[in-house]
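Make the full structure from the sequences, and use the hints.
Take a look at the letters that make up each chain.
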Amino acid sequence: MSAQTPYEPKIVAFLCKWCSSAGSDLAGVSRIQYPANATPITVACSGGVSPQFVLSAFHKGADGVLVSGCHIGDCHYMEGNFHARRKLYLVKELLEFTGVEPDRFRMSWVSAAEGAKFAQVVRDFVEDLRPLGPQDKLKAERP
Amino acid sequence: MIDLGALHTQVRDILETGEVRAVVGWRRGSRGMLAEPVTIATPEEAETLVWDPTCFHNLSLTLVEERKKPSWRPGKPIAVVAKGCDARSLTVLMQENCFRRDEVYVIGVSCAGSGVLDERKLAQRLPGVEPDSAAFDGDAFVCATAGGEDRIPARELMADRCLECRDAHPKLNNVVFGEAQPRAFDPPFAALARFEQEQVGVAERWQFWQRQFERCIRCFACRSVCPMCYCEECVVDSINMAVGADTTAAEKANRIRWIERSASRADNIGYHMTRALHLAGRCIDCAECERVCPVNIPLRLLNNKLEREARVAFGYEPGASIDLPALVASFRDDDPNHFIR
Amino acid sequence: MSSGKRTGVFVCHCGNNIAATVDVVKVAQEMAGEEGVVCTKDYVYMCSDPGQKAVIEAIKENRLDSVVVTCCSPNLHEKTFRDNAKAAGLNSFTCEIANIREQCSWVHKDRGVATAKAIKISRSAVRRVGRNQALEPIAVGVTRRVLVIGGGIAGIQASLDLANAGLDVVLVEKQATLGGHMIQLSETFPTLDCSQCILSPKMVEVSRHPKITLMTYSEVQEVSGYVGNFKARILRKPTFVDPETCKLCDDCSQVCPVVVPNEYELGLTARRAIYIPFAQAMPASYTLDESACLGLNPIVCGKCKDVCEAGAINYDMRPRSEIVEVGAVVVATGFDLYGQDNLGEYGHGKYEDVLDGLQFERLCSASGPTKGKVLRPSDHSEPKDVVFIQCAGSRDPAQHCAWCSKICCMYTAKHASLYKHHVPDGRAWVFYIDIRSGGKGYEEFVQRTMENDEAIYLRGRVSRLYRENGKIRVLGTDTLSGQNVEIDADMVVLALAMQPSTGTAEAAKVLKIGRDKDGFLAEAHPKLKPVESVTAGIFLAGTAQGPKDIPETVAQASAAAAKVIGLLSQPQLSHAPTVARVRKAHCTGCEMCVDACPYDAIHLANGKAVVNDVLCEGCGACSATCLRAAIEVINATPLQMNEMIEAVLNF
Chain A
1 MSAQTPYEPK IVAFLCKWCS SAGSDLAGVS RIQYPANATP ITVACSGGVS
51 PQFVLSAFHK GADGVLVSGC HIGDCHYMEG NFHARRKLYL VKELLEFTGV
101 EPDRFRMSWV SAAEGAKFAQ VVRDFVEDLR PLGPQDKLKA ERP
Chain B
144 MIDLGALHTQ VRDILETGEV RAVVGWRRGS RGMLAEPVTI ATPEEAETLV
194 WDPTCFHNLS LTLVEERKKP SWRPGKPIAV VAKGCDARSL TVLMQENCFR
244 RDEVYVIGVS CAGSGVLDER KLAQRLPGVE PDSAAFDGDA FVCATAGGED
294 RIPARELMAD RCLECRDAHP KLNNVVFGEA QPRAFDPPFA ALARFEQEQV
344 GVAERWQFWQ RQFERCIRCF ACRSVCPMCY CEECVVDSIN MAVGADTTAA
394 EKANRIRWIE RSASRADNIG YHMTRALHLA GRCIDCAECE RVCPVNIPLR
444 LLNNKLEREA RVAFGYEPGA SIDLPALVAS FRDDDPNHFI R
Chain C
485 MSSGKRTGVF VCHCGNNIAA TVDVVKVAQE MAGEEGVVCT KDYVYMCSDP
535 GQKAVIEAIK ENRLDSVVVT CCSPNLHEKT FRDNAKAAGL NSFTCEIANI
585 REQCSWVHKD RGVATAKAIK ISRSAVRRVG RNQALEPIAV GVTRRVLVIG
635 GGIAGIQASL DLANAGLDVV LVEKQATLGG HMIQLSETFP TLDCSQCILS
685 PKMVEVSRHP KITLMTYSEV QEVSGYVGNF KARILRKPTF VDPETCKLCD
735 DCSQVCPVVV PNEYELGLTA RRAIYIPFAQ AMPASYTLDE SACLGLNPIV
785 CGKCKDVCEA GAINYDMRPR SEIVEVGAVV VATGFDLYGQ DNLGEYGHGK
835 YEDVLDGLQF ERLCSASGPT KGKVLRPSDH SEPKDVVFIQ CAGSRDPAQH
885 CAWCSKICCM YTAKHASLYK HHVPDGRAWV FYIDIRSGGK GYEEFVQRTM
935 ENDEAIYLRG RVSRLYRENG KIRVLGTDTL SGQNVEIDAD MVVLALAMQP
985 STGTAEAAKV LKIGRDKDGF LAEAHPKLKP VESVTAGIFL AGTAQGPKDI
1035 PETVAQASAA AAKVIGLLSQ PQLSHAPTVA RVRKAHCTGC EMCVDACPYD
1085 AIHLANGKAV VNDVLCEGCG ACSATCLRAA IEVINATPLQ MNEMIEAVLN
1135 F
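Residue numbers (our numbering), protein chains in the order written: chain A, 1 to 143; chain B, 144 to 484; chain C, 485 to 1135.
Simulated from the structure, these hints should not be mistaken for lab results.
Facing chain B, a subset of chain C residues (Cβ under 7 Å, in silico):
| id | residue |
| --- | --- |
| 1 | GLY1073 |
| 2 | ALA1113 |
| 3 | LEU1123 |
Covered stretches of chain A, as calculated for chain C (at least 3 residues, CB under 8 Å):
| id | region |
| --- | --- |
| 4 | 18–25 |
| 5 | 40–47 |
| 6 | 55–62 |
| 7 | 69–81 |
From the structure, some residues in chain A lie toward chain C, with a derived Cβ separation under 8 Å:
| id | residue |
| --- | --- |
| 8 | VAL12 |
| 9 | TYR34 |
| 10 | ALA36 |
All of these numbers come straight from a predicted model, not from anything done at the bench. No residue lacks a Cβ here, since even glycine has one placed at the ideal position from N, Cα and C.
Okay, here's the thing in structure tokens:
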């Protein structure tokens, strides 16, 4: 990124296939506009998002990481989001404890019917990340 | 207090009768006052076992290492002398099927009225002096030096983890020596709470941890000394690799390099964060990692942080039961949800 | 490192849907520079016939081994393009979709920004497909037998439909007889046909059907396996009476010295320890209730055995387990009335003359304890003022159940109407919140109850009731007139909420199928899969899934049967091959994956995790939990995730 370009937070968004990715599809079908900062990676289930993926995204230079799944009780795999919630709570706590801005990691429950909510989640995240500037605490100094 | 003679008798008996094939315990080390782990297999050696404030080592590690040896075979149990914390660590290992309950004969030693000392605290308290021995004496440690005996209040010398001991009495045991009394001077997580009071904001925390992690030389001593780090291959170590009959060439070629082995800050953080997360619900606060760290990184804080979160948020206590599912393999309907949009 | 891959990337314009915002040519150019990509194309409508043909040609011409189509959501055309890749000779799993329409061109306006994002999305798909394995669906054999749990109207209907389609059925019922709650009803709304008259013939049909094995007084204790191949362990409780030999003479019951409340009559009458629930019970046989019996022992009592001339009574019967293998399960475990104890304010369980709807049904029934006369339980007098309270427990999220129990408006109208038929000079008062009478002939029925039968409908709630001078004083409000109402009632009937039965909770646990927030069984999709559970091969019928009336229950039961028939008519089932795979060298046998798996698809063998491919749904919970990277989902491996993260971040 050249010095002139204003800072745009880079977000990796892990979206579960059944709810949040479908919700983001609905945002598309409804033509709801939101910032392009979040690049989606669709996974089967939020419960399949290993804490390693989150740490790795920061390590590879993400300014923010979003994990979004089905609402509690709606998981296609019944329990996946419960697992995600517990594991990623620990990740969130650890990040904060070591001095990484808590706003850099975010979780949301977005159903397939919540296109507008998905757009809002991304908008809010981008707005919260802007004042923090580039994430360089966990970022590896490599190409 | 523990009747060492009774312990010796017990050890001799179970070796003589053949109830166990070996006993893992501590003996006098080759230098200074420090005890060292030892595995004995004959009744005659029973007398060599010691119990004093330098029995820091979590002997479940020795057991894990025994298990990794090609000579390990299922059969008669191995006995291991275990403090309260060591017994919790054995419990976690059994929870993870590392050992079956009947493979290990646990000789519990209660730390009621004792606890181990912290070498760093001792070095500060008696600068330049290397005591020949250390012993418990009520609320004090007695250190024998060339110049005589030094009686130092336990609080000043005791390892932080013992000051905050969660359970001095080994719950998991076949036989136990010593009383089932609490020993803690401080509530659990006292050092963590102090840290959190001192380093309040995100910026202060980062300042602190940045300094810590920059120092790490990635010697992996913390990993080596940890009984829970028994994996064949460490996911965040790009060098070691577990290879089996079913390992494909593609697998070997495509080993994921989550982080690099070199000691850069980001990679160090990646390593320590992964380690902390992998120990969540498993670390029982034996604090060996912190003890062996050559650059004094306060690793206990990281592990304690997640242990406390597990306790507060999920009601989970590591090392409480063999039958418990792992912290991260289970959930409750009312796990915290407030942080999710 | 040269990957040796030969990937083709096909960028769709989707007319202007993508191309107006995303510079598709630039996306194609960028992808051409990616490692392993040997061919790129952009086209106006990739999903059109010429578009698909162009992909096939490119696959052949360039000897591609994998394909990325950057277009719309995979929900729309993943199947299209995978089938297309297959038509060109590729394995369908070597085709991946990059969604640059719904997740990009439609939600962003700035061309530069949208193009940059489209490139990241496409690149991550290229990286993913680069490590995809060719897979074939897993074929699974099927057992053409069905387990139906619950012998109420839902279970009866499903069993008959299944059996008539030629499938073997095992129908398991907890109670000693078929019939469920429906057999307790006197008449059914809105036609007032007699419940026993329409249900009994079906019960007989079930018991005589050569394809149906009826197991009453039995419980499903454990179910393992997967779609097409379940194994169920069924506990057959001893009845101590041989149904084949029993002559139904009733001699045993006459001599039995033990008296306990009669469940079928909801405690309005009593029965003996040895009893038949009701005359038309099916199987037609007596049951000796072990918990009530003095001792199953000639020394203690033994009267029934002595008196039984047929010799049908055998004290030595013991519970036994039976294993049945089935290909599918229909759960029809029904409802319970919302516990009486929960509604203290209405005096239920405290005042004898405060009844619930089912008790009132028994009072109205010709075969009931009063032979069809409506009489007060307390003094057997004919009640002249009867207050019916709707929504007793329903629609009250603060105190009781949040949901509408759906059938109470109708059955209360029926009760009021039946009461007026029995006691023409009596007064029927109905407290209601709303009248919900959607259904064929339902609204007309309610209107008839109000107009012809002159039931007095009061819109409002009852605040309190208490006993006074042998009457029950009911204090309520008529919100339409704004008046407080006080009624000295002879009897009060509560339309208690419907809640999932305890059997439903047990079945959910045994079958490991989900329940909704209210405890009813969760359907796989609220609109499109209303009779499927989230577990393949397990289907739902009747009120176990949610409150519903008899016609709806029958419809759902038949629908569940139709789904099962469709499923089991296939010679083999196919299962997605994107399942978890264990890297044995890494596995330490810690069992965390076993605990994390929502499908019980993993077990340990020789100290290593083993995945049952047919049970595994590929969710990845195991992989995210494993500390040793020893288990991963094929085609969604951590290695692939790692590279996708890199691709997204230009790392």
